[in-house]
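Colleague: Chain by chain, the residues run as shown.
There are 2 protein chains.
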Amino acid sequence: MKQTYVVIMAGGVGTRFWPFSRTSNPKQFHDVLGTGKTLLQQTAERFDGICTPDHIYIVTSAEYKDLVKEQLPFLTDEQILLEPVRRNTAPCIGYACYKIAAKDPQANIVVAPADHIILKEDAFRERIRVALAATAEADILVTLGIQPSRPDTGYGYIQYMTDSEGEVKKVKTFTEKPHLELAQQFLDSGEFVWNAGIFVWNAQAILRAFEKHLPEMAELFEEGNELYYSETEQPFINRAYTHCRSISIDNGVMEKADNVYVVLSEFGWSDLGTWKSLYEVSGKDRNENVIDGRVMLYDTTNCIIKTPKERLVVVNGLDGYIVAEYDNVLLICRKDEEQKVKDFVSDAKEKGTQFV
Amino acid sequence: MKQTYVVIMAGGVGTRFWPFSRTSNPKQFHDVLGTGKTLLQQTAERFDGICTPDHIYIVTSAEYKDLVKEQLPFLTDEQILLEPVRRNTAPCIGYACYKIAAKDPQANIVVAPADHIILKEDAFRERIRVALAATAEADILVTLGIQPSRPDTGYGYIQYMTDSEGEVKKVKTFTEKPHLELAQQFLDSGEFVWNAGIFVWNAQAILRAFEKHLPEMAELFEEGNELYYSETEQPFINRAYTHCRSISIDNGVMEKADNVYVVLSEFGWSDLGTWKSLYEVSGKDRNENVIDGRVMLYDTTNCIIKTPKERLVVVNGLDGYIVAEYDNVLLICRKDEEQKVKDFVSDAKEKGTQFV
Numbered sequence: 001m002k003q004t005y006v007v008i009m010a011g012g013v014g015t016r017f018w019p020f021s022r023t024s025n026p027k028q029f030h031d032v033l034g035t036g037k038t039l040l041q042q043t044a045e046r047f048d049g050i051c052t053p054d055h056i057y058i059v060t061s062a063e064y065k066d067l068v069k070e071q072l073p074f075l076t077d078e079q080i081l082l083e084p085v086r087r088n089t090a091p092c093i094g095y096a097c098y099k100i101a102a103k104d105p106q107a108n109i110v111v112a113p114a115d116h117i118i119l120k121e122d123a124f125r126e127r128i129r130v131a132l133a134a135t136a137e138a139d140i141l142v143t144l145g146i147q148p149s150r151p152d153t154g155y156g157y158i159q160y161m162t163d164s165e166g167e168v169k170k171v172k173t174f175t176e177k178p179h180l181e182l183a184q185q186f187l188d189s190g191e192f193v194w195n196a197g198i199f200v201w202n203a204q205a206i207l208r209a210f211e212k213h214l215p216e217m218a219e220l221f222e223e224g225n226e227l228y229y230s231e232t233e234q235p236f237i238n239r240a241y242t243h244c245r246s247i248s249i250d251n252g253v254m255e256k257a258d259n260v261y262v263v264l265s266e267f268g269w270s271d272l273g274t275w276k277s278l279y280e281v282s283g284k285d286r287n288e289n290v291i292d293g294r295v296m297l298y299d300t301t302n303c304i305i306k307t308p309k310e311r312l313v314v315v316n317g318l319d320g321y322i323v324a325e326y327d328n329v330l331l332i333c334r335k336d337e338e339q340k341v342k343d344f345v346s347d348a349k350e351k352g353t354q355f356v
Numbered sequence: 001m002k003q004t005y006v007v008i009m010a011g012g013v014g015t016r017f018w019p020f021s022r023t024s025n026p027k028q029f030h031d032v033l034g035t036g037k038t039l040l041q042q043t044a045e046r047f048d049g050i051c052t053p054d055h056i057y058i059v060t061s062a063e064y065k066d067l068v069k070e071q072l073p074f075l076t077d078e079q080i081l082l083e084p085v086r087r088n089t090a091p092c093i094g095y096a097c098y099k100i101a102a103k104d105p106q107a108n109i110v111v112a113p114a115d116h117i118i119l120k121e122d123a124f125r126e127r128i129r130v131a132l133a134a135t136a137e138a139d140i141l142v143t144l145g146i147q148p149s150r151p152d153t154g155y156g157y158i159q160y161m162t163d164s165e166g167e168v169k170k171v172k173t174f175t176e177k178p179h180l181e182l183a184q185q186f187l188d189s190g191e192f193v194w195n196a197g198i199f200v201w202n203a204q205a206i207l208r209a210f211e212k213h214l215p216e217m218a219e220l221f222e223e224g225n226e227l228y229y230s231e232t233e234q235p236f237i238n239r240a241y242t243h244c245r246s247i248s249i250d251n252g253v254m255e256k257a258d259n260v261y262v263v264l265s266e267f268g269w270s271d272l273g274t275w276k277s278l279y280e281v282s283g284k285d286r287n288e289n290v291i292d293g294r295v296m297l298y299d300t301t302n303c304i305i306k307t308p309k310e311r312l313v314v315v316n317g318l319d320g321y322i323v324a325e326y327d328n329v330l331l332i333c334r335k336d337e338e339q340k341v342k343d344f345v346s347d348a349k350e351k352g353t354q355f356v
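Taken in sequence, the protein lines are chains A and B.
Here this note's numbering is used: position 175 in the first sequence is 175, and no number is missing along the way.
Here this note's numbering is used: position 53 in the second sequence is 53, and no number is missing along the way.
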């Protein structure tokens with residue numbers, strides 16, 4: 001019987017969620033939904049019953065080490081993997097899987113981002129168990145695919161073999177974020193699901209995939225086999241990362257591998273990547289406004305307003321805007337132009353590093 | 001030769017200028033234009049050369065006494081007149097003029113609000129001197145009339161005899177705020193000027209006008225003749241005000257009197273009554289935005305943005321809005337609906353008295 005491990009990726013800066021998500025305090029460390037738990041804490045708790053706390057590994061940037069320890073005090077230092085620089089998801093996943101494999105070559109591993117929202121946790125765990133059962137038996141790469149509810153252009157899509165039997169479907173193609181027309185075609189075809197970026201595999205399967213599709217990276221992390229769980233792990237990783245190319249696991253592995261499977265899922269998922277996704281997932285007033293703050297609205301519709309509790313916010317005559325304030329930055333932006341937020345952040349750097 | 005006295009009315013709460021103007025700190029005590037001087041300080045300095053500092057009287061609410069003393073430290077307590085309750089301009093002016101007359105029956109008096117903006121101070125002083133010269137000679141009630149530049153519906157208008165000779169024109173009628181069509185007719189006729197609410201008269205003329213048009217009020221303030229400038233002034237005034245009706249000097253005196261004259265004026269005047277009037281009087285960027293704060297604008301036009309310096313404000317896609325933050329209240333409101341601000345203030349009371 002394989003043991004289950006969970007790798008939580010918590011190193012992102014969440015720029016599109018600015019000003020709430022800040023370099024010094026990205027969104028995964030916030031209580032975004034006002035539930036009393038941060039996204040990272042929610043993510044860790046979501047695996048309750050899937051694996052034991054000592055099998056949860058967090059990969060993050062060195063600068064967030066204290067935030068992680070504070071929010072998940074049960075973790076030992078060995079379970080907190082610190083990336084010296086950001087190199088996208090492939091090195092992050094490679095590091096974690098090679099480290100876990102060095103200790104337990106039979107490990108069964110779930111990889112999940114720290115900043116997603118999942119409303120139906122029971123349904124989520126049930127799907128994870130289906131995937132883990134499959135990867136316990138076969139050396140395959142499994143991803144969770146979300147039944148799409150709209151032609152969203154912000155997600156990657158996965159096309160699967162609709163005639164494949166059982167709950168674990170063979171994947172035909174991974175796609176990048178499509179334009180609207182294509183997204184609608186994907187939706188109409190019934191063959192596509194959203195790529196949630198949640199992966200399940202056993203240690204041998206993912207190590208073999210790295211060897212085959214990212215051989216230089218595989219070689220780098222293999223060199224650490226004797227160093228993981230020792231005092232020399234961090235210096236080794238700091239060196240290794242300088243040689244790592246920046247590439248996503250999707251581009252580096254999933255799109256190339258021929259043993260990729262998808263578990264179709266519906267569990268109230270949102271990647272919470274943008275203000276719009278928070279808007280979608282949140283409760284609304286009768287004028288379709290999402291409100292988190294001390295707010296008085298007049299003639300205001302389809303807005304998301306998230307402001308500090310101590311401030312009274314009065315809005316008159318706005319339709320379809322984001323009004324967000326956090327830590328001395330106030331953003332007022334048309335909701336349908338939220339893709340510009342990245343540019344604002346880049347411009348805001350010039351006004352002072354405390355604002356980004 | 002009559003001595004000149006200046007009465008500055010500084011008791012208003014400026015509700016339409018919320019959240020900047022607050023009950024605990026109304027707009028006349030703010031440095032609205034960012035010049036380093038509050039409106040009250042600017043108003044007092046404007047009379048430099050017109051009268052000596054010991055002849056300046058401020059009428060305000062008891063609650064603002066400390067603000068006035070702090071901002072105009074040269075004043076003695078005798079020069080600060082404290083109204084126990086707000087009763088509009090007639091009691092305010094009556095109190096000040098009866099008090100001054102009790103000391104100097106030959107006084108020549110200018111009455112001006114504390115919260116106006118006057119850009120051309122030299123032109124202002126020249127007009128005031130013209131008016132004072134007239135009231136030194138004759139027992140008439142003089143008001144300053146501003147040459148209108150647009151059919152503004154926010155001001156009262158004064159119709160004057162265009163064929164009257166000299167610089168001091170006989171007034172035909174005082175009018176309330178007109179609707180737009182009528183305002184345009186006023187403008188087209190060339191016989192109307194804006195009522196700036198700045199008055200000049202000698203003590204005998206205004207006392208006689210009170211006796212004639214507001215006899216009960218005249219009687220009340222006359223009773224204080226032996227008490228002004230004594231320790232019993234304040235208790236007397238506190239009692240007297242409970243008997244005063246609330247009425248404006250326009251309704252109570254100017255509209256009824258037949259000895260009213262106007263000095264035509266052009267000195268860059270704004271009553272700064274509303275956000276729109278601040279917008280009109282302020283410098284604008286190339287997209288017609290008025291900006292006071294640390295602000296980044298994208299695709300934003302015709303807005304007025306006035307926010308705390310420590311906060312970075314990013315606005316994308318707004319046309320014609322007020323964005324104003326002061327002391328934990330943020331207002332976002334269509335500029336052409338600013339008349340609603342009064343309602344917001346009234347509603348905001350329910351959220352907490354600190355917000356109004």
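Keep in mind the hints are simulated off the structure, nothing from the lab.
A hint or two may mislead.
You can't tell identical chains apart in this list, so a pair holds if it fits in one copy or across any two.
[As the list claims (entries may be wrong)] Capping the alpha-carbon separation at 25 Å, the derived lysine to any residue pairs in SDA-like fashion look like this:
1) Lys-37 x Glu-181
2) Lys-172 x Ala-257
3) Lys-69 x Pro-215
4) Lys-37 x Gly-197
5) Lys-340 x Tyr-229
Colleague: Indicate, hint by hint, whether the structure satisfies it.
Modeller: We went through each hint and held it up to the structure:
| no. | hint | in the structure |
| --- | --- | --- |
| 1 | Lys-37 x Glu-181 | neither (38 Å within a copy, 59 Å between copies) |
| 2 | Lys-172 x Ala-257 | within (10 Å within a copy, 92 Å between copies) |
| 3 | Lys-69 x Pro-215 | neither (33 Å within a copy, 78 Å between copies) |
| 4 | Lys-37 x Gly-197 | within (22 Å within a copy, 58 Å between copies) |
| 5 | Lys-340 x Tyr-229 | neither (42 Å within a copy, 65 Å between copies) |
The structure does not agree with the numbered hints 1, 3, 5 stated previously, though it agrees with the rest.
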